Amino acid sequence: MSLSISNQRLTTMEDWFDDNSASLKAISSQPGAMAGEIMEVVNLARKFKEEFIRPQAIEMDKRIQEDHSYLPEEWVDEACRRGFFTLCVPKIFGGQGYCFPALSYFMEEIASVCLGMANIIGAHYLGLGTLICTWNLPLIARVCREIVEGERSGKACMVSLAMTEPTSGSDTPEPDLLDKGQVACLAKKEDGGYRVNGSKIFISNGHFSTWHMTVAFEDLARPSETAVILAVRNGAKGFQVAGKESKMGQLACPASELVFNDCFIPNEQVALSPDMTRGYSRTHREIYQHLFDDLCSISRAGVCALSAGAARGAYESALAFAAMAKKKGDYLINSEWVQCRLAEMYKNAVVARLLYIEANYANGNHGIYKGLQAKPVYYALRYLPKSFLSWGLGKALGLEWLTGLIRKRQLSGFNPGMVQRTAGLGALAKFASSDAACENAQLAMEMMGAKGLRHELGTEKRLRDIKLLQIYEGTNQICRMDLFRNLIARRLPQAKLYEECV
Amino acid sequence: MQADKVAKEYQMLEKSVREFAAKMLRPRLEENDRYPVSDDFAKAVEKAMELEYFSVMLPEDMNGFGGKTLPLGIVLSCISETDAAMGAMILTNAVAQEIMLTAGETDIVRDICGKADWSRELLIAFPLLTDPEEDEILLSAKKEDGKYRLSGTAEYVVMGPMARRALVPAKLGNEPGYGFFLVDLDLPESSSQGAISSAGLHACPASDIKFMGAQARLMGRMEDGPRYYEQTCIKMLPAAAAVAGGLMQGSMKEALSYCKKRRQGGRRIIDWSELRLILSDMLLAANTGRILLDNAFRAVDAHSAKWAEDALTASVYVLETACRQTSDGIQALGGYGYTKHSFQERRFRDAQHLRSIFGSAVPRRLAYAKLGLNC
Ligand SMILES: Cc1cc2nc3c(=O)[nH]c(=O)nc-3n(C[C@H](O)[C@H](O)[C@H](O)COP(=O)(O)OP(=O)(O)OC[C@H]3O[C@@H](n4cnc5c(N)ncnc54)[C@H](O)[C@@H]3O)c2cc1C
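Chains as they are written, first to last, in this note's numbering: chain F, 80 to 581; chain H, 48 to 422.
So that you can see chain H by itself, here it is in the shape it has in the complex (with noise of 0.2 Å):
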């Protein structure tokens, strides 16, 4: 009975995202491939908001689905098959607060989302796309009086140029290991470069962060910044997969559509045994993306033996595979694939992004043969 109620939830979920894609962000696809955003893009945002897809996986008195992932793959994939960048917000927002919450800091999480009442002050920035356990961090924090000052830069922060406040790892002197603090981006010892032009999810803009002593609140304890990043980058990679995964759907439909109608020596593209195949491999690789990632899904919120590697191996192909399939995407429309004629040139873009959420792809798949085959 409980199952089927939730089932059902998901369904209804489900319906709205699809509805809210359609309306909201369909129409305006091409203008909202830039930054800074449009007006319906924003307003787009704000009815997001409304809806609660930026406080999907909350607990539940916050009123999401109480920690649970599935709800949150339902909204990215639905809203990334129209438009991978008002995912990639909703996600980076997720990641966000799932270190603060796996911080114990469950109220300055429910301050953040309480008192929200325009946009900027619900986003939390973060450095999505990289890991600090690789990469080097470039910032450093030192405490005075009780407080914490940053000092240093933090690089590729997403959402850094629209949000009020960024979640950045940070150093202490030369300790071992990292904290994770929050730091309000309005103060004046920070000062963002700007939105990073960069491949895709334009809407979506990253930016570095110079901070000279900005005050930031330290999140749980100095010595568990990695426990907390690991903790949360395997249970929300398929959240970010999530994303490619709808983009590998929107790119196959949009594919299948034009095939359909376009017509090269007499008959429809798609009568071609060749392109057909390619769309064949694009919906196999669509359609195995969303049952891995399900699976997934359903391994993380029921706390199965193998979580972790089934979140892992959906990731893994989901990520690598979808800069591969929005590829054939492109190639699908011939020249028309290649320009602003269509949204699958975008989606190619929007796919390389993806697969350096949480640090680059190669890395990913040495951590994954480590846990899956214990070696």
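The following block holds chain F by itself, in its conformation from the complex (with noise of 0.2 Å):
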């Protein structure tokens, strides 16, 4: 290996400042009222999870590890009858309006008891994403109309995210792994719509869901450049949900299997297809890469958020045994090796939280949040009447040149500094906060010795499900990748991804 060190400097003081100080920069721009609406949003969280999920939690994953065929739909209508699919729709079309963020702060509390539950929720809110992410107005307000229609009926309507193939995980949302990879759901153009067929394994809620955000691909050779996203509806001709897996833990959540076979999908379900960004500035493959660089800037500060939870949900446990256990005739908390430990856990719990504040900061100054977090519209959609802006919802959406360029601009018009600080700070908090969590979960484990192995008091329960952090939403390796890519890779044009030099 020959080594020559340049001057170069690879870092600059303003890169390393700006991409770690989200929070500073959010104490002027972001609308004071948001502080108010996540307290909101965390004391139903809190009512939800003392009422309803403390108690069941822990004899629901018991039942489903009976019987894994089990889907616990009493769940999600208590979440639906509480609000919580409509929580972050935005008012304009119809939702609860709360800021994105709160969504964070809440899926924690619910994740502190139950990541199971909180999957539920979030993985619904991964799908609502995903179709926010791609800028297709009508669709979004079609969808997000049903949604809110679901929580009127008190019948939900949810939505998921269909991308992982058997074939193709780490792959499907990194253009650069996808191209050389082998996925194989292919949508084939015909007049009026896409013919679909190809499976979907793992998908979070998809027994639960009504729509199904799925990915597909005209062309299976060129996947980046042809990838389609489709908004697909149950009752669909040639769509099944299929099986259900059996896996080791967050068990109230089902992974399902989704198969299509010839199913025919509508142009008014096809949330972003190659036609669509013909034209833009930008080229289909930049755009995919964009599009899911933004999902993961929230996804992964959610899945960061469930971390955080879990990790607070570990410590909580630990601290309760140590205080109560005894050993040799003492209180296990009376050892320096268990305060020191508890302290640990504590760390964890708190930097995983610092950790998606950030983040959330982050998209809220350069990434997907940034809009609705300008303070005239922040204040425009909170206290304008719904009637009001349902009225001009309408009207724009009667705008087709207008909806047309709103599009154009969100997919094109990036600033790719910005949306690789916020991708880059999405992975890192992924991957930081989950490992912390398995942190957690193991050191509670080893504290409690065999009491922690019994299913009643909750901690294996914890450790089984925590785990799945470290994988879905980007394994932790992808993450670090991201991260570097993103973060590090930028000023060093001689870094090349995903090629090996060894």
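Since the hints were made in silico from the structure, they are not lab data.
Please read all numbers here as calculations on a predicted model, not as lab measurements.
All the pointers check out, no bait thrown in.
Some, not all, of what chain F presents toward chain H, calculated at C-beta under 10 Å:
#1 Gln144
#2 Thr243
#3 Asp250
#4 Glu324
#5 Lys406
#6 Gly408
#7 Gln521
#8 Ala529
#9 Leu532
#10 Arg533
#11 Lys540
#12 Ile550
#13 Tyr551
#14 Thr554
#15 Asn555
#16 Met560
C-beta atoms are modelled at their ideal positions from N, C-alpha and C, and glycine is treated no differently.
Reconstruct the complex from the two isolated chains, following the hints.
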């Protein structure tokens, strides 16, 4: 290996400072009322957690362990009754319009008791977030209307994200991998829409959702240039929610297999296609990458919030145990090693929380939340009556040139440096927090010994649940690569990604 | 010459165990992760008894290897590479037998093993995951007419739901220390609370057992209970670690085989250096464990000067590393590792149990520091 070190500065002071102080900028730019909203949402989550989830979580986990085909519909119904599936649907689309960062705090609370329930809600927003990231306003309006209607009728209308395929997991959201990979979900363009063949696996909430945001490809040999995102609705001919995975944890949230057999999806349900991005200043591949960078910036902050909650839950159970259990006649908590371990667990939970807070600030400063958190837009959406907003939306949707313009601006007018910042932080938040949560789960088990193995105490359930955090939304290995790509490699023209040199 | 003969015997034992695991355990791994156990698992237990895996450490006149730990280690690691629940059953039984033999109760052990024509008769349940030195003993013994009666609860008695007898520690009034008692679980004064729902080792269940004046037999002498325990514990810790070592080998092999087949980004995932490093760490942990354990078994069997330290070194390392390594075993398979498509998630759950054998992990590390550093 030859090594010649130049004086080139690979990280500027500005990069380092700006990348990692989103909160500083947010102090002046973000609307002050967001703090109040966050507290409202946290209180909703706490009430739900204490009244509904805590008393049932362990029993439900046992029930599904005994019968892996069981679907806890009653949990979905309750979340729907409490309005959780419209919580962050913007008011202009008929939802309750709580700001998106509030969702992270909400998820943290619920995850501190049951990651399965938290994922039921989180995966719904992952599906909806995917649709929002396509900026297809008429389709967003249609799906949101159904979500709101579902809540009114008491029959939840949820959205899933269907990306992973049997042969393509880590590859799918990463164009650099995707183009060398083996995707198989084909979307053939026909008059009036697409005909889809293939299957998707591990789709969270597949069995609960009405809409499935499905990633497919016009040409399997050139996937990133020909990716389409389709909104597939239950009942479509040739579409089937097939098997439900038997898995280790997060049992309340099903992971489903979706099968497409000559399934026709009409143009109105095509959220994004190469036709739509033709003539934009960026290639379809760049837009695909940008879309998933934007999505991962928010969804990985979401997984970070789940991790923060889970890390906190593990800490709380270890603390309760150490405070009550006696070893050799004295309380366990009086051992120095126990005190230091509890401090470590406390640190892990807090650091995880700080990470999603920072990632969300970045999303507000430069990312997908930026428009909604601009003060005039924020206050208009917050204080204007819903009826007025929906009238305005109706008018805007009638103006094709306007919706087209908004979409073009959002999809191709982005600033790559800003996307790198949000996506890099999202990746960092995800892998650092999920590793911290796993550490807490292991520390709690270790401290509790045989007691921790008992299902009824919930500690072993949490360990089983937490492990998934290191896998979905991009494995932690892929997230490390995303951090490198976005925050480290940008001033290194010689850096190649996903091309092994050893 | 003698050494050669022994080495050959051990090789034959390993071969026989591997064949047994491949034939009787591997084909039904998924359904054998539950209790009540399947008929096939019950048949496998009987076959393991027939092959004398449940008596491998007994004196030679009882068809064992004369108290040697290495053959037990071979049985446990080879079986647990496939199915750690079966490994845990053999281990529990061996620990109970060892305490009884240390207490000088050879005749009782011979009686139990000799008479067994049905598997349940041979099994001796034991609270393998508690340390009577650390954990509060909730069981008390009372002497009446020269006989002992037990009252209270024995917690987390491994094989409680399936064994005919249990060996449990109990205190005599307010006297310091404790003794070990053999008690018949079929007595009306013993009542098991049913299998404890737990993280792993489902086919080797534990239960809390309540005794209401159940007649029991004291093993050895009352005041010597702690000595029997301590002697057995250090000697048998490597055996417990062998179960975890088997889990690590199994996890590493399944990860390796998957990573050679699975392709992402146009190449086998094993060819991504980051994943290769995970596999390398897994291999390192499994092999280090194997070498340390081999050394520990030999030191224990030869009563070498530092046998206790060697036993603890191997055990502390393996029992702790297995939890991390089996987690990496899931990671290497991505989503598939998290589901029941593979056995990685089961190994991860099973490893958690092993960490708590003979009490929780940190006190064990503190004991290790005391012994190893003489402080
Ligand atoms: C319960 C559950 C719920 C899920 N929910 C959803 C969902 O709602 N929607 C959805 O679309 N998907 C979902 N997934 C899928 C999830 O996102 C994938 O499992 C994940 O992206 C990993 O893909 P994979 O399982 O195919 O693993 P693989 O990609 O095959 O990875 C296997 C191993 O190889 C490593 N690896 C792969 N490529 C590289 C590389 N280039 N460099 C270094 N290491 C590499 C990985 O890190 C991992 O360790 C879910 C999965 C599970 C288990």
